[in-house]
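Trainee: Listed here are the chains, written in short residue letters.
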Amino acid sequence: RKEVEQDPGPFNVPEGATVAFNCTYSNSASQSFFWYRQDCRKEPKLLMSVYSSGNEDGRFTAQLNRASQYISLLIRDSKLSDSATYLCVVDDSWGKLQFGAGTQVVVTP
Amino acid sequence: GAVVSQHPSWVICKSGTSVKIECRSLDFQATTMFWYRQFPKQSLMLMATSNEGSKATYEQGVEKDKFLINHASLTLSTLTVTSAHPEDSSFYICSATGDQYGYTFGSGTRLTVV
Numbered sequence: 005r006k007e008v009e010q011d012p013g014p015f016n017v018p019e020g021a022t023v024a025f026n027c028t029y030s031n032s033a034s035q036s037f038f039w040y041r042q043d044c045r046k047e048p049k050l051l052m053s054v055y056s057s058g059n060e061d062g063r064f065t066a067q068l069n070r071a072s073q074y075i076s077l078l079i080r081d082s083k084l085s086d087s088a089t090y091l092c093v094v095d096d097s098w099g100k101l102q103f104g105a106g107t108q109v110v111v112t113p
Numbered sequence: 015g016a017v018v019s020q021h022p023s024w025v026i027c028k029s030g031t032s033v034k035i036e037c038r039s040l041d042f043q044a045t046t047m048f049w050y051r052q053f054p055k056q057s058l059m060l061m062a063t064s065n066e067g068s069k070a071t072y073e074q075g076v077e078k079d080k081f082l083i084n085h086a087s088l089t090l091s092t093l094t095v096t097s098a099h100p101e102d103s104s105f106y107i108c109s110a111t112g113d114q115y116g117y118t119f120g121s122g123t124r125l126t127v128v
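Line by line, the protein sequences are chains A and B. Each position in the first sequence, counted from 1, maps to that position plus 4 in our numbering. Each position in the second sequence, counted from 1, maps to that position plus 14 in our numbering.
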């Protein structure tokens, strides 16, 4: 079983709509959680950290559910520039980052 | 903010040759550097973790004699792919972390072995 699993998508989203997707992780001892954005042929860039209480950064909202071992990302009012692959990243209890394979989001005009 | 510079951005080499990739932390001291590999439509896979001044710790299945990692200073780590073959073609990314910063990624190196 993979450490971090994501729906690969693609999620085709009309501009202005809301899209949400989850990621599950297997290591219950994981301490830190992140969403990264990766554009085609580029390095991942940190989008936001995910905190237990849930957190929001502009149009992006992240939630963490430790009991069910999943994190979620919601994007409101989608922009064309939001088209990318979103990587769920978990810092395992050994201090290593475990990456999901990514969820592709395609925002269409 | 923390910046990590990775060079080269892309490289094409002949099968059997070696390729060196550099990763530099420009404005912070990177106590730990990580090297990842990413194949198309797959997740980043950690290859090895290196701490300054000590030998790298390789993940299971990664050949340490093929992927030589040197982390001689707090600002520079290098990955050398020795005797590269077409199956080594991939996107290699480094990441660095220091006392004050989280994980900062280099811009990646796209290696094509022909």
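Mixed in with the good hints, there may be bad ones.
[Said to hold, decoys possible] Quick list of in silico lysine-lysine cross-link-like pairs, BS3-like style, CA-CA up to 30 Å:
{"id": "1", "chain 1": "B", "residue 1": "K55", "chain 2": "A", "residue 2": "K83"}
{"id": "2", "chain 1": "A", "residue 1": "K83", "chain 2": "B", "residue 2": "K28"}
{"id": "3", "chain 1": "A", "residue 1": "K83", "chain 2": "B", "residue 2": "K78"}
{"id": "4", "chain 1": "A", "residue 1": "K49", "chain 2": "B", "residue 2": "K34"}
{"id": "5", "chain 1": "B", "residue 1": "K28", "chain 2": "A", "residue 2": "K6"}
{"id": "6", "chain 1": "B", "residue 1": "K80", "chain 2": "A", "residue 2": "K83"}
{"id": "7", "chain 1": "A", "residue 1": "K83", "chain 2": "B", "residue 2": "K34"}
{"id": "8", "chain 1": "B", "residue 1": "K80", "chain 2": "B", "residue 2": "K55"}
{"id": "9", "chain 1": "A", "residue 1": "K6", "chain 2": "A", "residue 2": "K100"}
{"id": "10", "chain 1": "B", "residue 1": "K78", "chain 2": "A", "residue 2": "K46"}
To be clear, the hints were calculated from the coordinates, so they are not data collected in a lab.
Trainee: Just pull the numbers of the violated hints for me, sorted ascending.
Mentor: 2, 3, 5, 6 and 7
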